[in-house]
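Engineer: Next come the chains, spelled out residue by residue.
2 protein chains.
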Amino acid sequence: MKKILGALVIVMTAGQFGMSSVLDSEEAFSQLMPIPQEVKVGDGRYRIEKNFTVAVSGNPDERIYGAASRFLRRLDNRTGLFLPQDYVEPDEELESVGLEIVVARAGEVTLGEDESYVLEIGTTSVLLKSETDLGAMHGLETLLQLLSTDEDGYYFPVSKIADSPRFPWRGLMIDAARHFMPMDVIKRNLDGMAAVKMNVMHWHLTEDQGFRVECKSYPLLHELGSDGMYYTHEQIKEIVQYAADRGIRVYPEFDVPGHATAWLVGHPELGSKPGPYEIERGWGIFQPTLDPTNEKVYTVLDAVFSEMAPLFPDPYFHIGGDEVEGHHWEEAEHIQAFMKENDLKDKYALQAYFNQRILKILTKLDKKMIGWDEILHPAMPKNIMIHSWRGRDSMVSAAKDGYASILSNGYYIDLMQPASDHYLVDPLPSDIELNYEERERVYGGEATMWSEHVTTETVDGRIWPRTAAIAERLWSAEEVRDVDDMYRRLDVIAVQLEELGLTHIKNRGMMMRRLTRGADIRPLHVLADVVEPLKIYQRNADLIYRSHSPYTLLPDVAGADAKDARRFNKMVDAYLKTGHKADEGAIRSMLEMWAANHAKMEVLAADSPALRETLPLSEALRDLALSGLNALDGKSQNSNSVIERAKAPVARVELQVVDAVEKLINK
Amino acid sequence: MKKILGALVIVMTAGQFGMSSVLDSEEAFSQLMPIPQEVKVGDGRYRIEKNFTVAVSGNPDERIYGAASRFLRRLDNRTGLFLPQDYVEPDEELESVGLEIVVARAGEVTLGEDESYVLEIGTTSVLLKSETDLGAMHGLETLLQLLSTDEDGYYFPVSKIADSPRFPWRGLMIDAARHFMPMDVIKRNLDGMAAVKMNVMHWHLTEDQGFRVECKSYPLLHELGSDGMYYTHEQIKEIVQYAADRGIRVYPEFDVPGHATAWLVGHPELGSKPGPYEIERGWGIFQPTLDPTNEKVYTVLDAVFSEMAPLFPDPYFHIGGDEVEGHHWEEAEHIQAFMKENDLKDKYALQAYFNQRILKILTKLDKKMIGWDEILHPAMPKNIMIHSWRGRDSMVSAAKDGYASILSNGYYIDLMQPASDHYLVDPLPSDIELNYEERERVYGGEATMWSEHVTTETVDGRIWPRTAAIAERLWSAEEVRDVDDMYRRLDVIAVQLEELGLTHIKNRGMMMRRLTRGADIRPLHVLADVVEPLKIYQRNADLIYRSHSPYTLLPDVAGADAKDARRFNKMVDAYLKTGHKADEGAIRSMLEMWAANHAKMEVLAADSPALRETLPLSEALRDLALSGLNALDGKSQNSNSVIERAKAPVARVELQVVDAVEKLINK
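Protein sequence lines correspond, in order, to chains D and H. Here the working numbering is used: the first residue of the first sequence is 1034, the next is one more, and so on. Here the working numbering is used: the first residue of the second sequence is 1034, the next is one more, and so on.
Worth double-checking, as some hints may not be accurate.
In this list, chains with the same sequence are indistinguishable; a pair is considered to hold if it fits within one copy or across any two.
Below, a list of computed lysine-lysine pairs in the BS3-like style, where the Cα atoms sit at most 30 angstroms apart [said to hold, decoys possible]:
#1 K1306 with K1220
#2 K1633 with K1415
#3 K1568 with K1397
#4 K1680 with K1083
#5 K1568 with K1083
#6 K1568 with K1401
#7 K1083 with K1633
#8 K1668 with K1700
#9 K1596 with K1633
#10 K1633 with K1373
#11 K1380 with K1415
#12 K1393 with K1568
#13 K1329 with K1633
Note that these hints are calculated values from the structure, not bench results. Please read all numbers here as calculations on a predicted model, not as lab measurements.
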């Protein structure tokens, strides 16, 4: 028995699954993300030859043929083997089969469907078995991740993998309302989700800043509420189909009664105040709110939801319901009178009344209501699902109260926290105070890509690769929680995700070239790799961002996991523990690089005014690095002011190496 | 008077347009591409402040508001100024106006429309005047290219630019049939075209490998002829609108009667032979051909063209007509009988008969026929347009015969020739043997992006930046033909084009990361920057490519203008002329880099079998570099075999520095 994957036990068996090549194979298995439930490492290699083919048998949904064909192309694109098979098709006559996929039945793209698979890699064939094509598609992603190389070429390591998800709801919410996200952004992110075995896209479609769906029943909604940026019915269908082809459910969010300014631009009569209303261009919590006392509101919502419901076959329908402050309700006499008349004692009761009316509409449409924490109210029945964003407590109390729920608190990737933070958030840690029945009500979670500070240029980089860590949390065993190992594998996955068209790596260079006006980007790269954007909305502190602000500057180039900083901080910790000279050398060379970088940044900034605001930061890094070098040299110094300056945010970013240098100084 | 832009004369005037800052301003003007017809350089700078706004007056088409808004966002994204104006809208009340756009009338997106503009940049305001909004949009691109920086920030240099195109037809053909090109590819390339003032997209929609439009009258055409990859009517309309918003005409090509395999998959009865037919997966000239003797062919074409005509408002309609070898016609008895009966003496006469029938359909639909050289036949009337691809001669003889024409011979960007080759091809050089009237019949030209060896990953890199050089040829004065200056400006434009989402730079890194499996790409970069893919279809010589081949290897990463090779070759020429020590140093350091690179490539290839085929090349480069270093050191050597080996193609690419090193050795 041998532990090689995080906390997972790798079972070694006799016979074909012998010991000899395990060490070589480890590399292959240590690339997997999310980590499968069970891996038996065998002996030998399945060689991928130029005649490698794929066949499907059983009773699958036809989507498996598309998935298998895409698998072939990705394999061929990575290996350059010029594989002969154009498409994987039913009833093909193949001379020999490399990978055989056997699927028992067509999967339904719906909550709770069987997603398990078993992958058996032998030296002469690969067998992928699953109950449904959804499981088979997960298996194909695992197989691609296992692609390995040696002196003879490409191979899959002999092994047997039995895998299935820990949670049935593994989602990504994309806010396409605050910043509109065009079709290609949605599609490539669906491909990214499939690659890490996520299975739900929650599509946030309406906001103060935009109503993003064509509405045939009330066309003023999208005509006046979207600046022309919305999805047509045809496009919605295209995305739903694209997702279903990848085993991904898609369900919409129409956020009501708050976050509703965009609805009111075309239909001010639905508002709690007379209007007129304009599309909101700023960020924050705004007061425009649907009027729960106005029967026309329900007429419109009935029509709109009835129109939208068939576009989304999934039974879940998100009504938002968050952040209703109720100021407009307080200020409207007729609403106050209505509340008194109907014995609704506060805004919460009024919202619950509103939600009950909405629930009737959704029930009629065969939809299940899901909404943010705030829809939880004693007046609501138990058949709604709570989407917990404000904290784990609300999820726990929902489960205790008998509500189904999913967790997003802890998975807010827009807050620009490192992957490790999200990775360690478990929806159902073993020590959670829920009994078996209550635990069963927690279906999983969703990463939430709110798009205030995200554009089509940066959105992939905000989602990936961090979301792969969340995907692993929701798929793999609870014990899989080695942060260092997760980061190591994240680097591997990040590059693989690029083949799907995702721009999380390549757009950084593009943005830097724009900033340097085509000059050498390396000095800016050095700086960007040790800073992170201000977290948790602090970037608004010294500068008010709006829809059309330039999200093209250093905080937008910088990521949530400053790569060099992470490396440096680990090296310093290791060095302080062991005092090894080799570690000192590596630390010294990074410090020297930073010390020399400021002069280069000055040259860049001379031609690029947009970079000038970063110079104090670059200078602070230089001085910090010089202090660190002094410390390594054993020179005495007073570096308090240097440290303090290096800790101060500049240009909406923060240096991430200050603590480590401070440790060096204080050692 | 002062020449600063290629061969153009920059006029200096008195008063505001004084002399003092001309030298500073030169840099700004030397960024322009295409070079305007007339530039008067003035004295002073228009400062772009945080409150910069844009206003429009006159009687423009509403598209100018979208264009002006996009201009603002691009300006803001480059400068990071957080400009306050969300959208440029009619009748806005602005406190002060930075740029005023005055448009006399709405432009029609049609051949020959007025595209001129005048840009007057003063120290306190910028005025852009044009007859139509099409001209104004060109002016906005010029203004963005003029964005300059100094110690005080961003500015536009005081100047007066009067500009208009040399040719009215400045096109890019995109072959979306051989490799399908999704919506986002088409859109971002339309943006690229607009940035360099091109005004026609020719959309090649049918081929042996695919029928790429939804066809409601004969749905089997797209259902069986496209592998599911086609544009819906809605998508065609979306693209046509998107293009029109950028002043770009879009016209389709339905290539008949050859290149028609995909038509015959769903409708074999239209073929000259009985069928069945399958979608073609290979590249080349294929025999399946529509049967000109079959009345159903004309019934179907009438229905299909009648369905397609309204989707494309442009009057031109391309019927292809190229490469009809006629073997299937020869082999079909009924066709031979028909020819005899109708006195059609050869395949050319039969094709002319076919074209005459098609012409009737198109005339009925108010469309003008355009087709490749081969449609030129004595039997055809003079109101068709000839698209010249086989040579300038056919264009000249068409013009003499009274036919309108455009030129693509010399603009075949799929042949992977350097930008300089295309740049120097002039549709109407002064010495052309055409009289005034005949010259007037030459409307311009089109770059042709045939997509055999191009995928969605590589297409932008094949089109850009080279197509910008062709755009300049078609816009600027004939005398603008300084190749070095073109290359210098191409580097500037290449980076600017990235902001439109084009992937020509950033996908190279992505593709290299896939090839190195996430390892350091620098050694591969060094190699890729001195090689070019085999030109003119030679890459098929040792390896047969097909639709699904992996276009992910070194010949796909390498571009048509190997950057380091170009630089090195210029340095060697300069050094051999002057013998300067500084040049020698630069040459030496490049040679040393190449000499050291092979060992690094070996390390990369150890983990990446796909790279192993490039090792002989990398080794040849090392040996070549060592010979070059020996030559610089004055050592005697016999380097014939080294040179010979370095000249041999490897892995479908060729080294581009062999001649230069040979010159060093033989000096």
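Engineer: Could you tell me which of the numbered hints above are not met by this structure, giving the numbers in increasing order?
Structural biologist: 1, 2, 3, 6, 10, 12 and 13
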